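If you want the building blocks of each chain, they are given just below.
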Amino acid sequence: MELLTVPLHNAFMVRALLAATLIGLTCSVVGVYVVLRNMSFIGDGLAHASFAGIVIAYLMKADLYLGGLLCAVATALGIGAVSKRSEMSLDTTIGVFFTAAFALGIALMSHVRTYVMDLQDFLFGNVLAIERRDVIIVAGLTAVTLAVIGLLYKELLFASFDPASAGASGIPVDAISYVLLVVIAVTIIISLQAVGIVLVAALLVTPAATAYQVTDRFGPMMAVSALVGVASAVVGLYVSYYADIASGASIVLVATLAFFTAIALSPKRRSLLTAVLEARRMAARVK
Amino acid sequence: MIQKQTGGREHEHTHVSFEETQRVDGHVQTVAPAAFHLHEHSGHAKGSAQAAREGAAVALAGVCAGYFGRDVLDEVSFEVDPGEFVGIIGPNGAGKSTLLKVILGLLPVQCGSVLVFGQPPSPAVRRHIGYVPQSEAINWSFPVTVRDVVLMGTFGRLGLGRRPGPAERAAADQAIRQVGMSDYAHVQISRLSGGQQQRVFVARALVQQPRLMLLDEPIAGVDATTQHAIFTLLEDLKTRGTTILATTHDLSCVAEWFDRVLALNHRVVAYGPPGAVLTRDTLSATFGSHLLVEPAAPAPA
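Just so you know, the protein sequences line up as chains A and B, in that order.
Residue 1 is where the first sequence starts when you use this note's numbering, and the numbers rise one by one after that.
Residue 1001 is where the second sequence starts when you use this note's numbering, and the numbers rise one by one after that.
A hint or two may mislead.
From the derived model, a few chain A residues whose C-beta atoms are all more than 12 Å from chain B [unchecked claim]:
| hint | residue |
| --- | --- |
| 1 | Leu70 |
| 2 | Leu90 |
| 3 | Phe102 |
| 4 | Ile106 |
| 5 | Ala243 |
Chain B is nowhere near these chain A residues, computed Cβ spacing over 12 Å in every case [to be verified]:
| hint | residue |
| --- | --- |
| 6 | Met60 |
| 7 | Val173 |
| 8 | Tyr238 |
| 9 | Phe260 |
Stretches of chain A that chain B covers, calculated by requiring three or more beta carbons in the stretch to come under 8 Å of a beta carbon on chain B [claimed, not checked]:
| hint | segment |
| --- | --- |
| 10 | 14-28 |
| 11 | 163-169 |
| 12 | 191-200 |
Derived by calculation from the structure, the hints in this document are not laboratory data.
Keep in mind the model is a prediction, meaning the values are calculated, not measured.
The beta-carbon is built from N, C-alpha and C at its ideal position, and this holds for glycine as well.
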């Protein structure tokens, strides 16, 4: 028990735990849509694209998160618009957009070498350094994000499952897609502090992918994903505290462990567990 | 031996109890083989945007539409009367699915006009249309059950932020019963057979109590018994006054079930009763001359 309470004597650890829990929750709920709509690459792309906005905001001495958010949202909407109006595949469009935005960020950063160390936290995340003000922002944006998803729950479900029929029955599918892109962009921005640009996609994808292994209902998938996301954030943070490793990487690795456990135990497919059981049964029968 | 896992596919319930009705009529010999435009009910000339009749369930006049600036539909004109069952035939890429999207108003037309029950497509009109998408457009591994899918049919009329309640669930269960899928209500959709999957999506359309049903390839990839079951279901809807349009590239069922057939290959090649459309000339003009199909013989008694 002490093992769990001792770190909480540090104010920074309480802040970090609070922020990581909220981030784990938002990412894993939004991640359900990312996984089911095959948008994993978009998550990665928007995270990288936000970097340009962060560097520009840094140079302008503006709020870094706001800069990152604006750039990610602009990229999200740009990707949506271009892919709708051209015959290029969505993956190609994302590939062009996000590398361009990331390259712009790197170019600007290389121009002002002195700032490199400060900006590195955005690449790899450092939730232990999170400030009180940032925790409040994360909490606020988490509430907004979850409220939007709650409000559009059935529309998002229908549009994600069968966009053609959803459109036919009067649901504004395109508008829903844009809203989801913006929600993903916001989620990514609040997650940067915890896991950084490079790893944020894992937080979006892995808990939802884990949940997908163990259930074939949408509601339960979201619940399990949220559970995995929050648990990974908390466990990962403690591991990071005691093992003295980077918090973002630690959270992602814990989630990945959950994913492989789910794959092994999945009732949905011929999993490792059923394979072992079957082999035993066969061996018994042969005897 | 390793036991191969089987899904629910062998438990197909089919409803084949309906007596087969012979539906070959006398229109056949009245049409010359070379006459491709067979608008027997329509009072308009080709391309006239004003011609769409008020009384028609669906009326297209000179419609052009497509994607990325390329027209898939070229001056398409035809009308469907209320309560009619119309088949849309044509090769892949002929614009059959595009035509359904135009009727739904999901794809804007470049020229011409579309009227559904006398009104241009709009969300309000769409509420009266049940749409059954192509099976290959569906992500079957999506974590939803039969009941979840059918319940989606109620989402359109529920407002923003409103969840389906007891009334919506009752409507969904009723539609599931109607297509004979009650035993599978809680089964995830990838575990169903092709025919069962089709019936789930028909049930979802039924929840909307549509006046018009649009079905995209409802019998693609299902066996003959299941085809019969699906058509019997649609025939049943038709007798209750629902207008039905279904695309297909399976010609074997055309003569037996449809009141009228639209042969489409970007333009309307022919439109009329099955016997008149299913001629060698029309079919080769629709599908390309390499297709060696005899006109479907009158359905066996």
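Would you list, in rising numerical order, the hints stated earlier that this structure does not obey?
Violated hints (numbers, rising): 7, 10, 12; every other hint is consistent with the structure.
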